[in-house]
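Residue-level listing of the chains:
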Amino acid sequence: MAKKPIGPVRRDFAPWDDPQAKPYIEFRNVTKTFGDFTAVDNLSLKIYEREFFALLGGSGCGKTTMMRMLAGFETPNAGEIFLDGQNLAGVPPYKRPVNMMFQSYALFPHMSVEANVAFGLKQEGMPKDQIAARVEEMLKLVKLQDFAKRKPHQLSGGQRQRVALARSLAKKPKVLLLDEPLGALDRKLREETQFELTDLQYELGMTFLIVTHDQEEAMTMADRIAVMDRGRIIQIATPAEIYELPNSRFVADFIGDINLMECKVAAKEGEICRMTSVEFGCEIEVAQPVEAGIGETVWFAIRPEKVRISFDEPESRVNAVTGEVWDIAYLGDVSIYHTHIANEQTVRATVANRSRVVERPVGWDDKVWLSWDADAGVVLTK
Amino acid sequence: MRQGPSWFNVTSLVLGFSFLYLPIVLLVIYSFNDSRLVTVWGGFSTRWYGTLLGNQQLLDAAWVTVRVAFASATIATVLGTLAALVLVRSGRFAGRSLFSGMVYAPLVMPEVILGLSLLLLFVAIDQARGFWTIMIAHTTFAMCYVAVVVQSRLAGFDRSLEEAAQDLGCPPARTFLSITLPIILPGVVAGWMLAFTLSLDDLVIASFTTGPEATTLPMKIYSQVRLGVTPEINAICTILVGVVTVVVVFTSLLTKRREVRRAQDMRQAEAQA
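Going down the list, the protein sequences come from chains A and B. If you use the numbering used here, the first sequence closes out at 382, no skipped numbers anywhere. If you use the numbering used here, the second sequence closes out at 273, no skipped numbers anywhere.
Here chain A stands alone, though its shape is the one from the complex:
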């Protein structure tokens, strides 16, 4: 079966699908422990040049440790890290061609904005006039030309974030590491900055590695996302693939909202797999190859926005359940309907509020039918 594109394709850029492509950053069987705690567990990862790569996971999943090992602040217990073909073992942080933007920004409080940006260039021994030119260029890039003489405490949170960005970009690193870069900003500023960072990365043609616990941030900015849990990578894929084709219940549950139903495989006919769910009391059919034998337990996962809600009984009882609306969350752009079906189970359906006036709105305690298409959900075996 030819691979159908899933989701928006940002640009004609997919070196990870090319077996000939040389990885720019490579983690080879890297393990890092702190006492009894294994932060990173025998992990291998390839990141390609000019890629915007996100490490996504909850706290303690090892994502920050990965970044700190690449920057040189932690030494792996086992395994190797390569950057542009060079083994980084034994290279101290101040000799690595990567720069990091810290979560706390880590601006030097006793230096002006200008001096902060110039700091890395001075260490290189760059001539003074070149430093001045480069600092000016960087401050222009982040639109802070008028603030060169200020001290960090004389700036707002968003401005400090941009100084930190300018400082870490000034040396033109091979890789820019971003540690929760937008965590300290308020929501509106964060959304703006996400797009700014994406554009910046594209313009500069640099490789960016971002660590975040915020899935929205990762999905907005990254070319590929690695979802991590307890020191392991659960799935690496593009944002759309992660969302539409999660490879496990962990990823499905972690990214966005999803309905999970435990099922038993009843029959397989070619591409069609038929399952029954005792819990939900329904028959489910998917047009997807399923790696499970007849009678085995699998999970059917479907996103709330792919579930239709209506008063009319659908023609087929396959891929449909009936229930009573229990709760409605009106969020303005969408409404989320929590519907109680058989056995105290809840199915969530999200409906976009397309028009202001609805002839017969679905209300609390209404009897409704929920249905979905055969290619709307995915079957998970893990």
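In case anyone wonders, no lab produced these hints; they're calculated from the structure. One or more hints might be untrue.
No farther apart than 20 Å at their CA atoms in a straight line, the calculated lysine to any residue pairs in the SDA-like style are these [said to hold, decoys possible]:
no., chain 1, residue 1, chain 2, residue 2
1, A, Lys264, A, Val278
2, A, Lys306, A, Ser355
3, A, Lys149, B, Pro171
4, A, Lys188, B, Glu163
5, B, Lys220, B, Trp63
6, A, Lys95, B, Phe176
7, A, Lys172, A, Gln130
8, B, Lys256, B, Met266
9, A, Lys122, B, Asn55
10, A, Lys151, B, Trp63
11, A, Lys95, B, Glu163
Chain A is fixed; fit chain B onto it per the hints.
Coordinates of chain B only, in the frame set by chain A:
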């Protein structure tokens, strides 16, 4: 609503301050006493300040004291800062709690014991006592005060600042000089000043560790008081009080002004954003 402090607050304030400062005020007043007798007021005069300038012994003692205080405070600041760095930064190592306890010990150890043990040491190694031994002794006990002050400054230090400097290509030693030291400098300076004042007014340890040719000002004053208090002593004490007051007021005004300006700057920055 009633404005200002209540009568209770005013009384407490007056009582507290009198208890603290009445003796010093008396001392200052009597330093301008014209009479030779300390407790009898004989009119206003500054003549004791004049005789003070002619008293070579007292001036010599003052010069020794300042030199000892300056040298010991400087060495104690270097050693104390290093100790604080190890205690805050090195994480867990064998003997850390022992080391930390031992740094604090001189804070609570009776001065007599410290003085005596230092004296025994100098005798044992056959070190001639004088300027150098006082200086070493003062360094020993002032170092722990510096360590405590610098440690508190380091505890609030964001380590990612040093990591950021290294990340930008700055080797560890240069990072310490260009990032860490400037940021903890207020703590280091405060530690130095504390060490300086401690050395300036120490009597017990200096008496134990001194030799015939080095007499510090507190020792001189103490030995003269034993022969009877003269208005001259009042005068020199007033000068000391004056110097300390000026330094304390100056530094607190300076920090206060910086804090106010910083708070203003931050409010402005947020308002503009």
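Against the structure, the hints come out as follows:
1. A:Lys264 <-> A:Val278: Measuring from Cα to Cα gives roughly 8 Å; hence the hint holds.
2. A:Lys306 <-> A:Ser355: Roughly 19 Å separates the two Cα atoms, so the pair holds.
3. A:Lys149 <-> B:Pro171: 26 Å, violated
4. A:Lys188 <-> B:Glu163: 30 Å, violated
5. B:Lys220 <-> B:Trp63: OK: Lys220 (chain B) and Trp63 (chain B) at ~12 Å, within 20 Å.
6. A:Lys95 <-> B:Phe176: Distance of about 17 Å is within 20 Å: holds.
7. A:Lys172 <-> A:Gln130: The given pair, whose Cα atoms are some 14 Å apart, holds under the 20 Å limit.
8. B:Lys256 <-> B:Met266: 16 Å, holds
9. A:Lys122 <-> B:Asn55: 56 Å, violated
10. A:Lys151 <-> B:Trp63: Roughly 42 Å separates the two Cα atoms, so the pair is violated.
11. A:Lys95 <-> B:Glu163: 13 Å, holds
The structure fails to meet hints 3, 4, 9, 10 from the earlier list, while all remaining hints are met.
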